[in-house]
Amino acid sequence: AQTVTQSQPEMSVQEAETVTLSCTYDTSENNYYLFWYKQPPSRQMILVIRQEAYKQQNATENRFSVNFQKAAKSFSLKISDSQLGDTAMYFCAFMKRSDMRFGAGTRLTVKP
Amino acid sequence: DAGVTQSPTHLIKTRGQQVTLRCSPKSGHDTVSWYQQALGQGPQFIFQYYEEEERQRGNFPDRFSGHQFPNYSSELNVNALLLGDSALYLCASSSGSHRETQYFGPGTRLLVL
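Heads up: the sequence lines are chains C and R, in that order.
Note that my numbering numbers the first sequence so that position 92 is 92, with each residue one more than the last.
Note that my numbering numbers the second sequence so that position 23 is 23, with each residue one more than the last.
Since the hints were derived computationally from the structure, they do not count as laboratory data.
Remember, it's a predicted structure, so these values are computed and weren't measured experimentally.
Careful, some of the hints might be misleading.
Listed next, the in silico DMTMM-like pairs over lysine to aspartate or glutamate satisfying Cα-Cα at most 25 Å (straight line) [as the list claims (entries may be wrong)]:
1) C/K96 - R/E52
2) C/K78 - C/E15
3) R/K26 - C/E61
4) C/K70 - R/D62
5) C/K96 - R/E75
6) C/K55 - R/E100
7) C/K96 - R/D30
8) C/K55 - C/E15
9) C/K111 - C/E10
10) C/K111 - C/E17
11) C/K73 - R/E100
12) C/K78 - C/E10
13) C/K96 - R/E51
14) C/K96 - C/D26
15) C/K96 - R/E53
16) R/K26 - C/E52
17) C/K70 - R/E53
18) C/K78 - R/E100
19) C/K55 - C/E17
20) C/K78 - C/E17
21) R/K26 - C/D99
22) C/K96 - R/E100
23) C/K73 - R/E54
Using the sequences and the hints, build the whole thing.
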């Protein structure tokens, strides 16, 4: 069974600085998708970035980028120029077919 | 363009009762997935509906059932409620061409007393 591990329950960063959130996963599959979702206190899950496993190029979305290491089964999220609005729970997720597995989340606080 | 909507936003039930939660997908989406998110945890996949059929199911008992209507909206039903069913229930929608990319609704907070 696929499992997703986020080893950092909580992190904090100063506004305008860069922070990296870690995620590892376990799977025997070769083709799959990986995601980072953000869940602010309003509780709605917002898609931050996605990565197809067959693509070697790391995905980027404005200030958000990933470091995808397929062999190491690692999928970290880098947030550049952190903003107060980035404060939220961040969930890493793995998907094969329709079954999406989430990690336990990392609570990120951006400090002014 | 309306996103994914869910109703009700909050619900309180007692043990043994039955509950129905509702979800309307984002415009243009035809697939609906349901998740349970216990407090302090990541969401867990319950099941997915496409073309009015359950296509895949996570590790949830038969007390959890669903339905999808011709307009792609969906219901989640939970029978014989247990205290442990207290959670945030999230609905997510996606379209056939990019079914792996899901957009979530705001959720329904269910409290079972």
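Going down the list of hints, with the structure as the test:
Note on C/K96 and R/E52: the hinted pairing holds, with a Cα-Cα distance of about 21 Å set against a maximum of 25 Å. For the proposed pair C/K78 and C/E15, the alpha carbon gap of about 14 Å is at most 25 Å, so the pair holds. For the proposed pair R/K26 and C/E61, the alpha carbon gap of about 22 Å is at most 25 Å, so the pair holds. Under the criterion of a C-alpha separation no larger than 25 Å, the hint pairing C/K70 with R/D62 is inconsistent with the structure, at around 36 Å.
At most 25 Å may separate the alpha-carbon atoms for a hinted pair to count; C/K96 and R/E75 meet this at roughly 24 Å. For the hint linking C/K55 to R/E100, the alpha-carbon distance of about 15 Å falls within 25 Å, and the restraint holds. Only pairs whose Cα atoms come within 25 Å are accepted, and C/K96 paired with R/D30 is accepted, the gap being roughly 19 Å. In summary, the hint linking C/K55 to C/E15 is not supported, as the alpha carbons are separated by about 32 Å, beyond the 25 Å threshold.
For the hint linking C/K111 to C/E10, the alpha-carbon distance of about 13 Å falls within 25 Å, and the restraint holds. Only pairs whose Cα atoms come within 25 Å are accepted, and C/K111 paired with C/E17 is accepted, the gap being roughly 10 Å. With a CA separation close to 19 Å, the supplied pair C/K73 and R/E100 stays within the 25 Å bound. Distance restraint check for C/K78 and C/E10: the Cα-Cα separation of roughly 15 Å lies within the 25 Å cut-off, and the hinted pair is therefore satisfied.
Distance restraint check for C/K96 and R/E51: the Cα-Cα separation of roughly 20 Å lies within the 25 Å cut-off, and the hinted pair is therefore satisfied. The suggested pairing of C/K96 with C/D26 holds, with an alpha-carbon distance near 12 Å, which does not exceed 25 Å. Among the hinted pairs, C/K96 with R/E53 is consistent with the structure: their alpha-carbon atoms are about 19 Å apart, no more than 25 Å. The straight-line distance between the Cα atoms of R/K26 and C/E52 is roughly 23 Å, inside the 25 Å bound, and the hint therefore holds.
With a CA separation close to 34 Å, the supplied pair C/K70 and R/E53 exceeds the 25 Å bound. Simply put, C/K78 and R/E100 have alpha-carbon atoms about 22 Å apart, close enough for the 25 Å limit, and the pair holds. Under the criterion of a C-alpha separation no larger than 25 Å, the hint pairing C/K55 with C/E17 is inconsistent with the structure, at around 28 Å. This hinted pair checks out: C/K78 and C/E17 have alpha carbons roughly 11 Å apart, not beyond 25 Å.
A C-alpha spacing of about 20 Å is found between R/K26 and C/D99, which places the hinted pair at or below 25 Å, so the restraint holds. For the proposed pair C/K96 and R/E100, the alpha carbon gap of about 8 Å is at most 25 Å, so the pair holds. A C-alpha spacing of about 30 Å is found between C/K73 and R/E54, which places the hinted pair above 25 Å, so the restraint is violated.
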